[in-house]
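Participant: The primary structure of each chain is shown beneath.
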Amino acid sequence: MWNNFALRQIGRQLTGLLVLLFFVSVAAFVLVRLLPGDAATAYLNSINAPLTEEAIEEVEKELGLDAPLPVQYGKWMIQVFKGDLGFSYQTGRPVTEELSEDLRYTGALALTALGWVLVLSLILGTFSAGHSGGAVDMMIRIFTFLGSAMPKFWLGFLAVSLFSLRWKLLPVQGAATWKHLILPSLTLACSYIATYTKLLRNSILEVQSSPFVLHARSRGFSKRFVLVRHVIPNAMTPVFTTLGLHLGGILSGSVIVENVFAWPGLGRMCVDAVAARNYPMIQGYILLLSVIFVTANMLCDLACAAFHPRLRAGGRT
Amino acid sequence: MRKRGRKVTAACCAGCLTFLAAACLLAPVLSSCDPNLVNPLKKFAGMSREHPLGTDYLGRDLLARLLWGGRNTLGYAAAVTAVSAVIGTGVGMISGFLGGAADRLLMRGSDVLRAFPGVVLVLIIVSILGAGIGNVCIALLLTRWIWYARMARNLTREELSRPSILAGRLAGSGWGAILIHHVFPAILPQMLSVLSVDFGGALLSISGYSFLGLGILPPEPEWGMMISDGRSYMDKPGMMFWPGICILIVVISVNVLGDLLRDILEEKRT
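Top line first, the protein sequences correspond to chains A and B.
Numbering-wise, the first sequence is residues 1 to 317 according to this note's numbering.
Numbering-wise, the second sequence is residues 1 to 270 according to this note's numbering.
Read the hints as simulated data drawn from the structure, not as lab findings.
A few of these clues could be false.
One side only, chain B facing chain A, incomplete, derived with CB under 7 Å [said to hold, decoys possible]: (1) 115; (2) 234; (3) 251.
Anything over 12 Å on all C-beta distances counts as not near chain A; from chain B, calculated [as the list claims (entries may be wrong)]: (4) 18; (5) 30; (6) 50; (7) 219.
Straight-line C-alpha distance at most 35 Å; calculated DSBU-like pairs for lysine-lysine [stated by the list, open to error]: (8) A:168 to A:179; (9) A:61 to A:82; (10) B:43 to B:236; (11) B:236 to B:42; (12) B:268 to B:3; (13) B:268 to B:7; (14) A:168 to B:42; (15) B:236 to A:179; (16) A:61 to A:75; (17) A:223 to B:268; (18) B:3 to A:223; (19) B:43 to A:168; (20) A:168 to B:236.
Ideal placement from N, C-alpha and C gives every residue a C-beta, glycine not left out.
Excised from the complex, chain A in its bound form (with noise of 0.2 Å):
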C-alpha cells in the first residue's frame, strides 16, 4: 500500500516545511530583539518600572540578554514549546490566552468559508458543467470572473451596505450570533468559490468525456446516476489537491475581512497589534499561523495520499 516513493516524497515535503518553520521561527525571534528600544526597555515598559540603568541591567541578567543570541534563541524556543509567549503590551495579558481566544474566532470564520466553498463551487459547477454552452452556464462563468477579481474588502462593504443597511437582514458587524457569522464568511469565500467552480466544471466535463463513463451509460445506468456515482467523486481530485493551495491565502484574506466586519479573530488582533508596536503579539501571532498552516499543509498532503491511490503510488497506476 504505502511504497517507498510516496513516504519519501511525503517526508520530503515534511522537512522542507519544517525548515520553513525555522526561518519563520528566527524571523519572529529577531523581529522583538531588532525592537526600536531592546527588549530590555521594553519588558521596563510592559511592567510599568522606571526605566533606571540598573534596572535594565538586571533586566538585561534576568532576561539571559546577555548571553550569546543562539543561547537566547535555544531558551526562547524552550519558553514557546511550553506555551509562554510573553504578555501584550496592549492588555497585560499572555499572549497565549489573547490568541486563543482570537483563534476561536478565525477558526469558526475560516472553516465556515471552507464549507461555503465546497458546497457552493459543487453546486455551481455542476450546473455550469451540466449546461455547459447555455445561459446558466455563461451566467455562472461571469460569476466566477466578477468573483476572483472582487477586492474582498469592497466586496465585504457592498454585501453590507445592501444586506445590513438597506434590507436589514443580517447584522453590521461583531460577532454576537451565527446571524453575524454569514456575510463575513460568504465574502471571505467568495473568490474560492469562483476559483473551484471553474476548476470543477472543466474537471467535470473531461470526467464525463472518459470511457468509463459512456461503458456505464451504455449499461443502462441513468445520466443523474453516473453523475453523482462516478463523475463527481472522480472530479472532486484537482479540488483535494489544490485545497492546500489555497489555504494560505484563505488565512490572509481573512486579515482583510476581520477588518471589514469587525470580526474579533487573529488578523484583526494583528493589525491592531502592528499598529500600537505590540511585539509580543505580532511574533505570537506569526508563529501562531505558521505551524497552523505548515499543520494543515501536511494533513492535507496525507488527506490526498490517503485517499488518492493513484497518487500514493507517485503517478504510477
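With chain A fixed as given, assemble chain B onto it according to the hints.
Facilitator: Chain B in isolation, oriented as in the chain A frame:
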C-alpha cells in the same frame, strides 16, 4: 465566430486598461484640483462641474484622488510585477538550464513557499522596517518571484529538450546565445499570460494592505485606502464606489486577457 468573440473581448479588456492607465497618467491635465487639498466647507459635495465626482469627508476632490490614487495603485502593482517577473524568469531559466542541486533547491523552496500566507511575511517586514508601501512591495517581491521562476524553469527544460536546440548547438551557437535567442522568445508568451493574471493579484494585495493601513500612508491617495476612508461614511456611497469599481475593472481585464492568451497558446500546442 469564436475567434471573433475572442477578439472583441480582448479589445474590450485592453481598451478598459488603456483608458484607465491613460486617465491616471494624464491626472494633472484631467483634474485641476489638488488631491490632498482639504476643504472643510465642501465636505461630501455632490457631483458638480468643479468636482465631477463630488468630494470626500475632508472636502477633497474625489476625481483628483481617484486619478492620482490610480497612479500609486497601478504604478506599484506594475513595478512589483515587472521586477518579480524579470528576477523570476532569469533565475528560472538559469536554474532550468543548469539543473542539479541548485535547481532542486529552487523547486523545493517553491514547493514550500507556494502557499505560505503572504500576510505573515508582510507583517514580519512591516514590523521590522515600519509601515509603508516600499516595505510592502519588498515583502510581495519576496514571495512572487518564485512563481515566475518555477514556471520559467519548467518551460525552459521543455524547450531545451527540442531538437532545434541541438541543431543550434551543432551550428556552433553558445549556450548563452541559445538561452537568449531561442529559449527566451519561445517561453515569452506563456510567461506573459502568467504575468497578466499575476498583475491583478499584485494590485489586489497592494490595495488590500493599504486598506489595512500597512501600505501607502495618508494623505497620499490610493484606491484601497480610499475605500478604507469611505468605511465610516457608508451613507455616502460615492467615496467607496469609484475606487472599488476601478480595481474591479482592472483586475477583471487582466484576468480575462491572461486567460485568453493561455487558451490561444494551448490551442496552438495541440
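Participant: Under the constraints set out in the numbered hints, which ones does this structure not fulfil?
Facilitator: none
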